[in-house]
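Use the sequences and the hints to build the structure in full.
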Amino acid sequence: MTPDISIKKVVYIIFLGRETNREGELHAFIDGLNDDEKAHLVAIAWVGRGAFDAEDYDEAVATAYAEATTPTADYLLGMPHLSENLEQGLEELDIDVTEAEEDFFDR
1 MTPDISIKKV
11 VYIIFLGRET
21 NREGELHAFI
31 DGLNDDEKAH
41 LVAIAWVGRG
51 AFDAEDYDEA
61 VATAYAEATT
71 PTADYLLGMP
81 HLSENLEQGL
91 EELDIDVTEA
101 EEDFFDR
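Start counting the sequence shown at 1; every next residue gets the next number (the numbering used here).
Any given hint might turn out to be false.
[To be verified] Using 20 Å as the maximum straight-line C-alpha spacing, the simulated EDC-like pairs for lysine to aspartate or glutamate come out as follows: (1) LYS9 to GLU25; (2) LYS8 to ASP36; (3) LYS9 to ASP31; (4) LYS9 to GLU101; (5) LYS8 to GLU101; (6) LYS9 to ASP35; (7) LYS8 to ASP35; (8) LYS8 to GLU84; (9) LYS9 to GLU37; (10) LYS8 to ASP94.
If you are wondering where the hints come from, they were derived from the structure by calculation, not from laboratory data.
Keep in mind the model is a prediction, meaning the values are calculated, not measured.
The structure is reproduced here in structure tokens:
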């Protein structure tokens, strides 16, 4: 299954997550995502941290919807190594981020 969130948005979240003074901006950006994007973002992070295998991505998304009891931004910002988990999740899902990174960094 292909994530129902723009890879450019995920790359942006990874970038903001690495910037120590951007937590407020990151929180607001995640809050602005729709429910589908939030569930897919959480699922990517879970795959990256090893809670789900890439082949169980659909199950991870369904679990993210079912267990969304706290605001997604609060949950993700409380996750140690968020940026690394997202990067690893994209890699595990075999998603090439080269174009998204080039678009983001060539601004």
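Against the structure, the hints:
Distance restraint check for LYS9 and GLU25: the Cα-Cα separation of roughly 13 Å lies within the 20 Å cut-off, and the hinted pair is therefore satisfied. Distance check on the hinted pair: LYS8 and ASP36 sit about 16 Å apart at the alpha-carbon level, within 20 Å; holds. For the suggested pair LYS9 and ASP31, the alpha carbons sit about 13 Å apart, so the restraint of at most 20 Å is met. Between LYS9 and GLU101 the alpha-carbon distance is near 10 Å, which keeps this suggested pair within the 20 Å criterion.
Note on LYS8 and GLU101: the hinted pairing holds, with a Cα-Cα distance of about 7 Å set against a maximum of 20 Å. For a cut-off of 20 Å, the pair hint linking LYS9 to ASP35 stands: about 14 Å separates their Cα positions. Our distance criterion of 20 Å between C-alpha atoms is met by LYS8 and ASP35, whose separation comes to about 17 Å. Under the criterion of a C-alpha separation no larger than 20 Å, the hint pairing LYS8 with GLU84 is consistent with the structure, at around 16 Å.
Pair hint LYS9 plus GLU37 holds up; C-alpha atoms about 9 Å apart against a cutoff of 20 Å. Restraint check: the Cα-Cα separation between LYS8 and ASP94 comes to about 15 Å, which is no more than 20 Å; the hinted pair holds.
The structure shown violates none of the earlier numbered hints.
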